[in-house]
Every structure is written in C-alpha cells, then in structure tokens.
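Colleague: Here are the chains, one letter per residue:
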Amino acid sequence: KQEVTQIPAALSVPEGENLVLNCSFTDSAIYNLQWFRQDPGKGLTSLLLIQSSQREQTSGRLNASLDKSSGRSTLYIAASQPGDSATYLCAATGFQKLVFGTGTRLLVSP
Amino acid sequence: ETGVTQSPTHLIKTRGQQVTLRCSSQSGHNTVSWYQQALGQGPQFIFQYYREEENGRGNFPPRFSGLQFPNYSSELNVNALELDDSALYLCASSSRGQGGSLGGEQYFGPGTRLTVT
Chain A
1 KQEVTQIPAA
11 LSVPEGENLV
21 LNCSFTDSAI
31 YNLQWFRQDP
41 GKGLTSLLLI
51 QSSQREQTSG
61 RLNASLDKSS
71 GRSTLYIAAS
81 QPGDSATYLC
91 AATGFQKLVF
101 GTGTRLLVSP
Chain B
1 ETGVTQSPTH
11 LIKTRGQQVT
21 LRCSSQSGHN
31 TVSWYQQALG
41 QGPQFIFQYY
51 REEENGRGNF
61 PPRFSGLQFP
71 NYSSELNVNA
81 LELDDSALYL
91 CASSSRGQGG
101 SLGGEQYFGP
111 GTRLTVT
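First to last, the protein sequences are chains A and B.
Its first residue numbered 1, the first sequence is counted upward by one per residue in the working numbering.
Its first residue numbered 1, the second sequence is counted upward by one per residue in the working numbering.
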C-alpha cells in the first residue's frame with residue numbers, strides 16, 4: 001500500500017528566500033509524481049508532473065526532482081514571494097489513482 | 001479548451017439525507033476520478049470511472065456511488081449522509097495512458113464543499 005509523507009508540515013519564510021519541500025513515498029512502482037498547489041478552500045492546481053523515467057522538471061521559479069530508487073521527490077522554489085503562500089501537495093500516481101501526502105503549508109511574509 | 005467544472009460550489013445537508021455532486025470533464029478526457037478531502041488532510045481516492053464504468057474504488061462504503069455519462073461528465077452520489085462526510089469533494093479528469101494506466105496529468109476541478117449537520 002502506497003504511503004506518501006511530506007515534510008515539513010508547515011513552513012514560514014521571509015520573501016526572497018529559496019526553499020525546499022520534501023515528499024517521500026513507500027512504493028517505487030509509480031507512473032509519475034505530481035506537485036499541486038492548493039489555496040484555502042479551493043481546488044488543486046497542477047504545478048509540475050515528473051514521469052517515472054525523468055529526474056526533474058522545471059517551470060519558472062519551480063524545480064521538482066524525482067528519485068524513484070530512494071522514494072523521494074523535492075520541490076524547490078526560488079526567490080519566494082508572498083503570492084506563493086499556499087499548501088503544496090505531492091501525489092504519487094499508481095495504476096488507477098493518486099495517493100497524496102498531507103501537504104506542506106507555506107507562508108511567505110513580505 | 002474548457003477546464004474541469006464542478007457544481008454546486010457549496011452544499012449544506014442534514015445527517016441521513018442524500019446528495020448528488022456533479023463534474024464536467026476537461027474536453028478530450030475519458031476518465032473521471034473522485035476524491036474526498038477532509039480539513040487538513042490530503043485528498044483520498046473514492047472511485048474512478050472510465051467509459052461509463054467504475055474502474056477502481058478506494059476504501060469507501062457502498063453508499064458512495066457514481067455515474068459517468070456518454071459526454072464523460074460524472075456524478076457522485078452519497079446516501080445516508082453522516083457527519084464525517086463533511087469535506088471538500090474533488091473530481092479530476094484525465095486520459096488513460098499506456099496499457100490503460102493513469103499515466104497522464106490529472107486536472108482537478110474547484111471542488112464542492114459539503115457540510116453535513
């Protein structure tokens with residue numbers, strides 16, 4: 001049974017800092033790993049998807065890496081901004097479903 | 001290309017009642033999945049529909065049921081509502097990948113917030 005863990009549960013940083021969010025999963029037989037952003041009370045916005053054959057993906061200030069053998073993924077956010085404040089969720093994709101972590105709640109203060 | 005839409009946005013029901021939530025898939029997608037997200041938790045997989053048939057189910061009782069229509073829109077029905085059913089319900093649409101797997105990107109709707117009193 002796939003289990004996904006995210007560390008830290010919450011993070012508070014001043015604007016401009018670079019930061020790393022961590023995601024670990026127990027079953028390496030995944031099709032891909034997705035990172036999502038969720039604003040309070042809202043749905044999920046897909047940020048990055050890394051296929052199982054890939055090592056990393058980049059979009060703007062975001063970079064996500066995947067190491068299947070160790071069951072880890074990281075989301076790197078460069079030069080954080082107050083608008084980045086949200087909950088970040090990672091999800092490991094199995095044959096039929098996504099298994100989510102409980103998220104990292106990020107607060108970027110001006 | 002329209003995104004995934006869900007209705008209603010918010011809903012308040014009484015324990016024991018029944019509720020129907022609706023989801024319209026993104027254009028070109030043939031698979032719809034439903035997730036339940038309790039406050040402070042990650043989404044939990046309820047079930048998935050592919051070509052109008054249930055194609056996988058999470059650890060949810062039979063009072064959670066669904067439908068998928070020929071236009072790939074979907075409904076989630078919950079009977080005999082319980083207080084613990086209060087949550088954000090999310091649907092996600094996608095296309096089946098290689099070998100029928102869920103290998104493609106999942107696109108989520110804005111969710112329906114259900115409150116059971």
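If you're looking for bench data, these hints aren't it; they were derived computationally from the structure.
The beta-carbon is built from N, C-alpha and C at its ideal position, and this holds for glycine as well.
Mixed in with the good hints there might be a few duds.
As the list claims (entries may be wrong) - So these bits of chain A aren't anywhere near chain B, every CB distance computed over 10 angstroms:
(1) Pro8
(2) Thr26
(3) Asp27
(4) Gln34
(5) Gly43
(6) Glu56
(7) Asp67
(8) Gln81
(9) Ala91
(10) Thr102
To be verified - Derived DEER-like restraints, expressed as beta-carbon distance ranges:
(11) A:Asn18 x B:Arg63: 35 to 41 angstroms
(12) B:Arg63 x A:Gly41: 35 to 41 angstroms
(13) B:His10 x A:Gln81: 43 to 49 angstroms
(14) A:Ser53 x B:Ser65: 33 to 39 angstroms
(15) A:Gly83 x B:Leu67: 35 to 41 angstroms
Colleague: Taking the hints in turn, state whether each one holds.
Modeller: Hint by hint, here is what the structure shows:
| no. | hint | in the structure |
| --- | --- | --- |
| 1 | Pro8 | holds (15 angstroms) |
| 2 | Thr26 | holds (15 angstroms) |
| 3 | Asp27 | holds (15 angstroms) |
| 4 | Gln34 | violated (7 angstroms) |
| 5 | Gly43 | violated (4 angstroms) |
| 6 | Glu56 | holds (16 angstroms) |
| 7 | Asp67 | holds (19 angstroms) |
| 8 | Gln81 | holds (23 angstroms) |
| 9 | Ala91 | violated (8 angstroms) |
| 10 | Thr102 | violated (5 angstroms) |
| 11 | A:Asn18 x B:Arg63: 35 to 41 angstroms | violated (47 angstroms) |
| 12 | B:Arg63 x A:Gly41: 35 to 41 angstroms | violated (25 angstroms) |
| 13 | B:His10 x A:Gln81: 43 to 49 angstroms | violated (30 angstroms) |
| 14 | A:Ser53 x B:Ser65: 33 to 39 angstroms | holds (37 angstroms) |
| 15 | A:Gly83 x B:Leu67: 35 to 41 angstroms | holds (38 angstroms) |
Of the hints listed earlier, those the structure fails to meet are numbers 4, 5, 9, 10, 11, 12 and 13, in rising order.
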